[in-house]
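> Heads up: the sequence lines are chains H and L, in that order.
According to the working numbering, numbering within the first sequence proceeds without interruption in unit steps and concludes at 281.
According to the working numbering, numbering within the second sequence proceeds without interruption in unit steps and concludes at 248.
No lab work stands behind these hints, which were simulated from the structure alone.
Among the hints, erroneous ones may be present.
Where chain L lies over chain H, by a calculated footprint (3+ residues, C-beta under 8 Å) [unchecked claim]:
(1) 158-168
(2) 177-190
Quick partial rundown of chain H residues pointing at chain L, CB under 7 Å, derived from the structure [unchecked claim]:
(3) Leu25
(4) Thr171
(5) Gly173
(6) Ala174
Positions of the beta carbon are idealized from the N, C-alpha and C atoms, including for glycine.
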Amino acid sequence: MHTFRGTPLLPSLLAWGSSLALLALIVLPLLALGLSSSPSELIAGVRHPLFLPALSLSARTTLTSLAIVVATGTPLAWWLAVGPPRYTRVVELLVVLPIVIPPAVLGVAMLQTFGRRGIFGPFFEAIGVQVPFTTVAVVLAQVVVAAPFYVESAAIAFRRVDVDLVLVARTLGASPAVAFFRVAVPVASAGLLAGAALSYARSIGEFGATLLFAGNLPRTTQTMPLAIYTALEADVRAALAISLVLVGIAIVLLFVVRIGPQALSSWAPQRSDSGLEGPQS
Amino acid sequence: MSWNVELHARVGALDLNVAIDGNDTPTVLVGPNGSGKTTLLRMIAGAHRPSSGRIRIGSMVVFDSNEDVDVPPEARQVGYVPQGFGLFPHLPVTDNVAFGLSVGRRRQRRSDRRDAAASLLADLGCAHLAERMPSELSGGEKQRVALARALIVQPKLLLLDEPLATLDPGSRRKLRTFLADHLKTKRGPAIVVTHDVRDAEVLGGELFVLEKGRIVQHGTAEELRAEPATDFVAEFFDTPQSDIRGMA
C-alpha cells in the first residue's frame, strides 16, 4: 500500500508532494464548483431560459448519437476483433484518429465535408438539405468524437471472446447473427457497457467540434457545454447549474464504467479457481 | 454410419494435408502440439474453409471444393466440444445444454427444451448441476455438461478436442471410462483428440497420428505400438504423456 516505500526520504517527499498537488488540481475545481453555488442560486440557474432548452437538446442529441454509435460501432468492433489483421490494423487506426485530433480540427474537417463549400456541399445543396448549423450537425459531431471510445472498448471486449464459443453456438444450429447476439454480445457485454458509457461521457461534453460545425444556436445546436459558454458571459448561476448537472451525469457514468461491468459479468469466475480454464490462450 | 475427410489447407505456417476414413467406432487423433489437430476439427466443424478437398458425414457432403459445396456449421450436424469445453459463461448449465434447442430449425418451446436438457443431464449423471453457472463447475463437471450440450442436437459426428486434458488424474480416469462407455453404447461416430496414450487405448477404435499436418501412421493402438513409424509414435507409446505433464 505504501507506494513510495523503499525510496530515500527526499525523493519520497517530492513524490508525495507532487502527487498530492496533482490530486488537488484535479479535485479542487470540482469541489469549488459544488461549494460555490447556494441552493437559491442553483434554482435561479435552473430557471434561467438557457437551462431547459440546452438540457433537452443535449439529452436528445446525445441519446441519438449513442444509439448511432452502438448500432454502427458494434458490428465494426466485431469485425475489428475477428477480421483479417492486415486490414483491421489499418481500419482501427483510422477509427481512433478522432481521439488524438483536436475537436476544433474535427469541426473544421466536418465543415469541409458537409459545409456549403465542402466536398458534399453541392450534393446537399442540390437536394435542398443543410447539414451544418443544424441539430443533425450536433449529432454528427458527437458521433465522430465519441464513436472511437465505444468501438475501441468493444473491439477489445470482443477479442476476449473465445472464438470456440461462437463456433460451438454455430454447430448447435445458430446462424452467424444468432451466435453473435446470443453468445458474443452477452460475453462481451461488460466491455460494451463500459465503452458505451465512456463514449456517452465524451459526447455529452462535446464542445469544440460542435461549436465550429453546428454553431451555438439556442434550441437548435446549443447543447449544455455551449450553454455554459454562453451563460458565463451573462449569468454565471446558469453556468453553474448546467455544470452541476453535467457533473451529476459524469458521476453516474463513472459508476457505470466502474461497477456496471462487474455487475454484468457476475457469472464470470472471480479468479481462475481451478486453473482449468483457457487452454486456448 | 461412415464419414470421411480429405482436405488440403494452408493455415499460417501449417500445411494441412489429410485423408481419414471413419465409422461408428471412435477415431482417436494424436500428434505433437502444432500438428494441426485442432485446426482439422475446426475445419470439419466448418469454422475454416479448406483450400481443397471433400468432407462427408454419413450421406451428407458438407464440403466439396470441386462441387463448390460448403455447408455452414449450423447445418453440418456435428457436435463440437473444444479444448476447455467452451461452455457459455453467461448461461446456467440447463440453458447451456438446451442452447441447441433454442435456435435454428430445432427450436423448441422453452419448457420442452429445458425438459430435454434435464433428462440428458440426468443420463450423464449431472442432474444436480442444472442451475449452476459454468464458473462454479469442476473440470469433470464441465466436461459432462459440454458433452450433454453437444449431444442434445443428436449430431452425426462428435468432435472432442482434448476432452480429458485439463482434468486432474482422478477425474481423468473416471471420465475416460465414462466417455469410452458412452461412445460405445451410443455407437455414434466421434473424433477424439488426445495427448494421452491411455485415452487412446481405452477409447479403442482407429488411431491416426498427425505430424506437421500429415497423417504419418494409422491403425489400432496395438499395431502402432508394435511398429511405430516415427519417433513421436514410439515416444507416445513408450511414456504416458500425462505422467510427464503431471511431473512438470
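> To test your reading of the hints: which numbers does this structure violate?
Violated: hint 3 alone.
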